[in-house]
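Colleague: We have chain A; now place chain B onto it with these hints.
If you're matching them up, the sequences are chains A and B in order. Letter by letter, the first sequence follows residues 174 to 431 of this note's numbering. Letter by letter, the second sequence follows residues 1117 to 1373 of this note's numbering.
No lab work stands behind these hints, which were simulated from the structure alone. Incorrect hints may appear among the rest.
Claimed, not checked - Computed cross-link-like contacts, DSS-like style, restricted to lysine-lysine with a CA-CA straight-line distance of at most 27 angstroms:
id : chain 1 : residue 1 : chain 2 : residue 2
1  : A       : K426      : A       : K193
2  : A       : K258      : A       : K242
3  : A       : K231      : B       : K1338
4  : A       : K250      : B       : K1291
5  : B       : K1255     : A       : K193
6  : B       : K1338     : B       : K1255
7  : A       : K231      : A       : K242
8  : A       : K383      : A       : K258
9  : B       : K1255     : A       : K294
10 : A       : K404      : A       : K383
11 : A       : K193      : A       : K231
12 : A       : K404      : A       : K362
13 : A       : K383      : A       : K362
14 : A       : K294      : A       : K362
15 : A       : K231      : B       : K1255
16 : A       : K231      : A       : K250
17 : A       : K258      : A       : K362
18 : B       : K1255     : A       : K258
Please read all numbers here as calculations on a predicted model, not as lab measurements.
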Amino acid sequence: MTESTPKIRLRGVHKAFAAKVILNGMDLDVGVGESVVVIGGSGTGKSVMLKCILGLLKPERGSIEVDGKEVLGIGQKERERVNNKIGMLFQGAALFDSLPVWENVAFGLLAQHLVSRPQAKEVALSKLAQVGLGADVGELWPSELSGGMQKRVALARAIAADPEIIFFDEPTTGLDPIMADVINDLIVKITREVGATALSITHDMASARKIANRIAMLYEGRIVWAGPTSKIDESGDARVDQFINGHADGPIKMAVRA
Amino acid sequence: MNFLQPIGRIFLAFLATTGHLTIFTVAAIGSCVRPPYYPRMILRQMLDIGYFSLPVVGLTALFAGMVLALQSYTGFARFSAEGAVANVVVLSITRELGPVLAGLMVAGRIGASMAAEIGTMRVTEQIDALTTLSTNPLKYLVVPRLIAGLTMFPFLVLVADVIGVFGGYMVAVYKLGFNASNYIQRTYDFLQAEDVNSGLVKAAVFGIIVALMGCYHGYHSKGGAQGVGAATTNAVVSACILILCFDYMLTEMFFAK
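For reference, chain A alone in the conformation it holds in the complex (with noise of 0.2 angstroms):
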């Protein structure tokens, strides 16, 4: 891997459901420590990209490398040993109801043996402690949390193993702008302290512009924009000024009857 090869590299991935294309050539570079925040409508494939990656969907053409290394169609210990690196805060959480919250956030070491149980609830109050969250918290069941404790829970179990990449999946749906502000702070704070590479997905321009080193916008199945945080707002696009304004009016027409 050279210092120029991107932590993750999509090129022409494509995706569909059926005869709904979903991603249709989307390419992507996510440097390395970088943040890359992509934006969109509903619907626009955000999570299947994320999805993808993951190796959770599979895309019928395209490449994406991880660390310069192709990761489409690989075996499945392969497949763990790429998704070892990457933490994932999930959009509603997906806490596990049946564990209570420390083994929610040590739950990758436990599974894969890295640690001894003393020695995994040790490391989830302190992953714990880094999202804001006492040592309380770690004997409540998920059932027993806020979504605002829900998302600091998630996002604890998503930095447990140290990850290299972390991808956070409309981090800040559903809570209330204090929280969201909470979060999207914590997403900072924590990717610097972890010093890892972030891929967020939202349509939440507040969080985009707080947490994004670079943002893109997915429209059609493809990226029609990327570029610094600090230029979108001189994207030239019309789709981009549309998107981040928020009006009704413009080139995206959304399938919405009267």
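Modeller: Quick look at chain B alone, frame taken from chain A:
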């Protein structure tokens, strides 16, 4: 021509489901023989299936044994064969009613809960989360349930056999006035190891069926609460039908001369 279309569609859907189920079964059984294993999950499932199903299986077996004694007594009294009550009760319970009733009751209790739990995990992305945490969902969710079903169903059926025979004994002795020691002697004399063993083999097969149907339908559920509800219904209905089909096939295998 149009009336053939729905029939063809149903037939193709049936073939597709059979194919998917076969692939799922092979993958799940393949996962059973390859580490890693999750002992805590296996133990949890064994407790859930074995221990917490005891009341429902025990009550079902008790009343089945009691009603069997009563029915066979009133039936056999017509041709003065009341003495055969003990034989009928013990044979019916160990060969048929123990495994089948326990299987059906536990299919309702456990099959539904497995499908609902795994289905909810599917629609809330918890199964995706497992994969991202480098954990094979088949090994973590399905294998413990299969192992627990395979090992705990025979245990439940053994308990059901004992309680069912005891239910028959209670009615025979305390209601119908049978001599207690004679009843026990006839039960003991007539019972053969093959009767109990065939019931236990059936139980093991039913255990796999219930676990497999619960896991399969839960694992493939989609579409939120409605999808999980449909998965739960499908798991219970398919498990019950398969239990009755396999019961006939196993009975044919064990007892047809």
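Colleague: Does each hint hold? Answer for all of them.
Modeller: Here is what the structure says about each hint:
no.	hint	verdict
1	A:K426 / A:K193	holds (17 angstroms)
2	A:K258 / A:K242	holds (13 angstroms)
3	A:K231 / B:K1338	holds (18 angstroms)
4	A:K250 / B:K1291	violated (65 angstroms)
5	B:K1255 / A:K193	violated (33 angstroms)
6	B:K1338 / B:K1255	holds (21 angstroms)
7	A:K231 / A:K242	holds (16 angstroms)
8	A:K383 / A:K258	holds (24 angstroms)
9	B:K1255 / A:K294	holds (23 angstroms)
10	A:K404 / A:K383	holds (14 angstroms)
11	A:K193 / A:K231	holds (15 angstroms)
12	A:K404 / A:K362	holds (23 angstroms)
13	A:K383 / A:K362	holds (11 angstroms)
14	A:K294 / A:K362	holds (23 angstroms)
15	A:K231 / B:K1255	holds (21 angstroms)
16	A:K231 / A:K250	holds (16 angstroms)
17	A:K258 / A:K362	holds (19 angstroms)
18	B:K1255 / A:K258	holds (21 angstroms)
Hint compliance for this structure: hints 4 and 5 are not met, and every other hint is.
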